[in-house]
Amino acid sequence: MTEQTRQTQVQAMSDTTIRVRQSLKKRYAREKRFRLFGMIAIIASLTFLAVLIISITIRGLPAFKQTFINLDVTLDAQTLGVDETADENALRRANYNGAIRNSLLELFPDVSSRKEKRALYSFVSKGGQYDLQAQVMADPALIGQTVNVWLPVGDDTSGYLRGHIDTTLPEKKRRFKDNQIAWVEELRSNGQIETRFNSTFFSRGDSREPELAGIKGSLFGSLLTLLVTLTLSFPIAVATAIYLEEFAPKNRWTDIIEVNINNLAAVPSIVFGLLGLAIFINFFQLPRSAPIVGGLVLSLMTLPTIIISARAALKSVPPSIRDAALGLGASRLQVVFHHVLPLAMPGILTGTIIGMAQALGETAPLLMIGMVAFIVDVPTTLTDPATVLPVQIFQWADLPEKGFVEKTSAAIMVLLGFLILMNATAVFLRRKFERKW
Amino acid sequence: MSTSMLLLVIFILTALTYVVGRSRAASLRKQSTSMHSLPRYYGYLAAICTAVPSLILLALWSAAEPVLLKSSTIGTLPAEVQALSTGELDLVVNDIKNIATGGISQSADDPVRAAAAQHYTESRASSRLYRTIAVLILCIAGALFGLKKINSGTRARVAVERAIMIGLLICSCIAIFTTVGIVLSVLFESLRFFNKVPFNEFVFGLQWSPQTAIRADQVGSSGSFGAVPIFAGTLLISVIAMLVAVPFGLMSAIYLAEYASSTVRSWAKPLLEILAGIPTVVYGFFAALTVAPLIRDAGESIGLSVASESALAAGLVMGIMIIPFVSSLSDDVITAVPQAMRDGSLGLGATKSETIKRVVIPAALPGIVGGILLAVSRAIGETMIVVMAAGLAANLTINPLEAVTTVTVQIVTLLTGDQAFDSPKTLAAFALGLMLFVTTLILNVIALQIVRKYREQYE
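These protein sequence lines map, in sequence, to chains A and B. FYI, in the numbering used here the residues of the first sequence are 140 to 576. FYI, in the numbering used here the residues of the second sequence are 20 to 478.
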């Protein structure tokens with residue numbers, strides 16, 4: 140190489156170097172920006188998660204508290220329309236509301252006009268009479284005496300006491316009037332108003348009155364539905380996974396089954412609802428709104444999820460286990476049931492729990508099969524009309540009363556609580572039993 | 020005997036045969052007869068012989084009973100009732116069943132119906148009796164047969180394993196049956212719908228108002244079934260959702276896979292997955308109660324009129340719901356790109372972001388596209404968010420601030436009410452369901468194919 144060519148080479152190289160150096164600043168800036176975008180994306184998603192959970196918690200927390208009003212109710216036979224000798228049915232139908240109203244009037248004797256009376260009566264929830272009814276039916280001797288009871292307050296009153304009603308608004312624009320505020324404040328200063336844990340929310344079914352509505356009915360509905368889902372989908376999914384992973388010959392037929400399962404996992408859930416409506420309800424004439432139909436639909440929906448995770452779990456069991464068992468003379472089924480399946484079980488259970496969590500949160504297919512009806516009673520069998528927790532949330536979300544917004548958020552908190560519990564169990568199982576082969 | 024009682028009896032008999040069978044086989048073995056299998060396999064075999072045939076008979080009987088009872092009840096009715104249309108006849112039969120089960124019925128005094136109810140009750144009772152007898156006989160016969168088979172000549176394990184294999188095979192076919200069931204159920208009802216409303220009108224019509232008249236002279240209830248506004252609305256909301264989900268999901272995946280330290284990764288990934296695990300009804304509630312008013316207020320403060328059920332609110336929240344879906348699928352494919360490709364690019368002096376943009380993403384593109392297609396199919400099929408936060412009126416618009424409706428919203432509104440099952444309104448829901456199923460199926464097949472091909476490429 141001559142001196143000259145080497146010189147031009149150095150020249151050329153330094154040219155490139157200069158150009159690279161010049162562009163470096165820009166490139167590094169771009170690099171930083173790109174990295175920042177990634178961070179922003181994650182932070183934004185997590186912020187959203189935080190906002191969602193915080194806003195629901197703030198809305199829902201008050202629903203776990205309930206305000207009660209203390210009244211001395213005189214259960215005289217005349218107001219109730221029954222005496223202590225009356226039979227059960229008469230006791231059930233007695234005029235407890237009248238007794239409650241009388242006791243309210245006693246507190247504020249100067250209330251006289253009809254409008255004022257109505258305003259006063261709204262202090263006690265319509266459910267107050269049922270509490271009283273239960274007390275009297277348990278002990279009919281109470282008739283004729285004066286009992287001191289704590290009764291739940293009505294929706295508007297509880298809204299005022301929680302500060303949901305803007306008292307700076309002109310009176311006409313408020314649901315809660317000035318005279319009502321004066322009365323409530325008087326009661327409050329007398330210590331006749333108290334806030335306690337809301338046990339109604341967990342011990343009652345649905346109701347049209349927000350202060351009486353509870354989630355017990357929908358919780359039991361969810362429980363029954365999940366029970367059906369689990370008993371159907373778990374064995375079927377495990378059997379399918381075992382067949383496909385361990386025994387199926389690699390031919391066109393098993394290929395179709397495989398593609399099919401993967402596709403089913405991505406079919407919109409509402410389509411399963413259509414299937415349930417057309418096949419289970421219209422063709423097999425199963426009852427509408429029943430947990431058994433809900434469970435059938437949800438188990439078809441969760442099958443692919445469980446199958447896919449069960450197959451992955453079976454696949455992760457090393458072939459040496461199978462070879463060793465076969466070598467000792469086990470049959471192929473014995474190999475699977477005695478050795479492979481127990482080793483894969485933690486993985487399968489994790490997948491099952493995740494599938495169940497999915498089923499617990501599912502709403503759309505259940506709307507299709509009529510689990511959206513207004514049901515007050517708590518379901519006890521698989522064919523009782525029932526609703527489930529997410530559907531209950533959907534129904535309450537539609538109602539305008541302020542009390543129901545709280546209840547909806549509180550129900551969401553309960554649902555999320557269950558889901559977190561299930562997922563945490565799944566994570567725990569995975570951590571505890573996961574094996575590296 | 021009630022069904023659950025019968026099931027209990029079958030269960031007890033099965034357990035008994037198992038115990039007896041096993042002990043008999045064990046005693047034979049002790050007498051040093053050479054047996055082919057372990058004693059418990061003889062027990063299993065006997066138990067299978069007891070349970071399976073009787074359960075099959077019970078299932079068949081229970082399936083056939085309502086149909087036969089119905090036709091025999093109809094047979095007792097006078098000719099003029101029998102001549103009614105199928106729908107009305109169903110009503111009559113339901114009424115009779117109500118009377119028979121002691122439910123409330125307005126026509127309990129009608130002698131014809133009372134007689135039919137009497138007939139219904141009687142034939143039901145006798146059917147139940149015969150069912151119990153037949154099932155129990157089959158059960159006991161199976162048990163005796165199974166117990167008789169316990170001898171050195173029976174290869175019990177082979178037989179039991181064959182039975183189990185058949186069971187496994189049947190279970191794995193349930194997935195196929197489900198797909199067939201979906202296709203048949205939506206297809207049949209859709210065909211009935213297309214008999215009443217021409218296919219072209221449905222797919223190309225611009226007017227959607229499914230209210231059909233109860234009386235012919237009612238105003239504004241002609242019922243028109245042009246689904247274009249619904250498809251457009253679905254598309255609009257899905258596009259908004261993807262505009263949110265793709266950039267955010269993809270960038271999160273890139274950050275997590277390429278930049279994040281392992282601690283950040285181990286925290287951020289499960290947190291993102293929580294987002295995927297939140298039920299859609301919760302997102303719907305959030306969209307309707309928090310996001311939609313927020314958008315409306317923001318729009319009004321800059322002088323825009325925003326519908327309170329705007330497509331934007333529903334699309335935005337749906338997009339956020341899909342972020343973790345996009346990010347976890349993209350994360351998988353990005354981490355599957357071989358490290359050697361990154362090393363090559365970095366060795367030539369490229370910065371990390373240049374490597375990602377010019378090497379990693381192009382290499383992972385098929386997988387990412389597959390993931391995005393799956394996300395689109397998810398957005399199209401998403402129900403609760405749009406039911407709660409999007410509108411009902413079928414507006415044909417591309418303005419995201421207006422209210423639009425989607426396929427899933429229409430299916431829910433058309434089917435969650437009480438109406439005759441064969442009205443065009445109800446059937447329209449199935450036609451929409453068919454469209455939904457076909458669209459998502461095509462998207463899924465393409466996406467899964469792409470993802471699969473991609474996976475093979477780097478394995």
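Honestly, I wouldn't trust all of these hints.
[Stated by the list, open to error] Each computed DSSO-like pair below joins lysine-lysine, with the alpha-carbon atoms no more than 27 Å apart:
hint : chain 1 : residue 1 : chain 2 : residue 2
1    : B       : K168      : A       : K171
2    : B       : K288      : A       : K165
3    : B       : K288      : A       : K454
4    : B       : K89       : A       : K165
5    : A       : K171      : B       : K444
6    : B       : K371      : A       : K164
7    : B       : K376      : A       : K164
[Said to hold, decoys possible] One-sided excerpt, in silico: chain A residues whose CB lies under 10 Å from chain B:
hint : residue
8    : I181
9    : V288
10   : L413
11   : L414
12   : M484
Read the hints as simulated data drawn from the structure, not as lab findings. Each residue gets a CB set at the ideal place from its N, CA and C atoms; glycine is no exception.
Here is what the structure says about each hint:
1. B:K168 <-> A:K171: violated (78 Å)
2. B:K288 <-> A:K165: violated (31 Å)
3. B:K288 <-> A:K454: Holds. K288 (chain B) to K454 (chain A) sits at ~24 Å (cutoff 27 Å).
4. B:K89 <-> A:K165: violated (82 Å)
5. A:K171 <-> B:K444: Roughly 56 Å between the alpha carbons, so the hint for K171 (chain A) and K444 (chain B) is violated.
6. B:K371 <-> A:K164: holds (14 Å)
7. B:K376 <-> A:K164: Distance ~18 Å between K376 (chain B) and K164 (chain A) Cα, so the pair holds.
8. I181: holds (5 Å)
9. V288: violated (35 Å)
10. L413: Holds, because the Cβ-Cβ distance from L413 (chain A) to chain B comes to roughly 5 Å (cut-off 10 Å).
11. L414: holds (5 Å)
12. M484: violated (17 Å)
Of the numbered hints listed earlier, those contradicted by the structure are 1, 2, 4, 5, 9 and 12.
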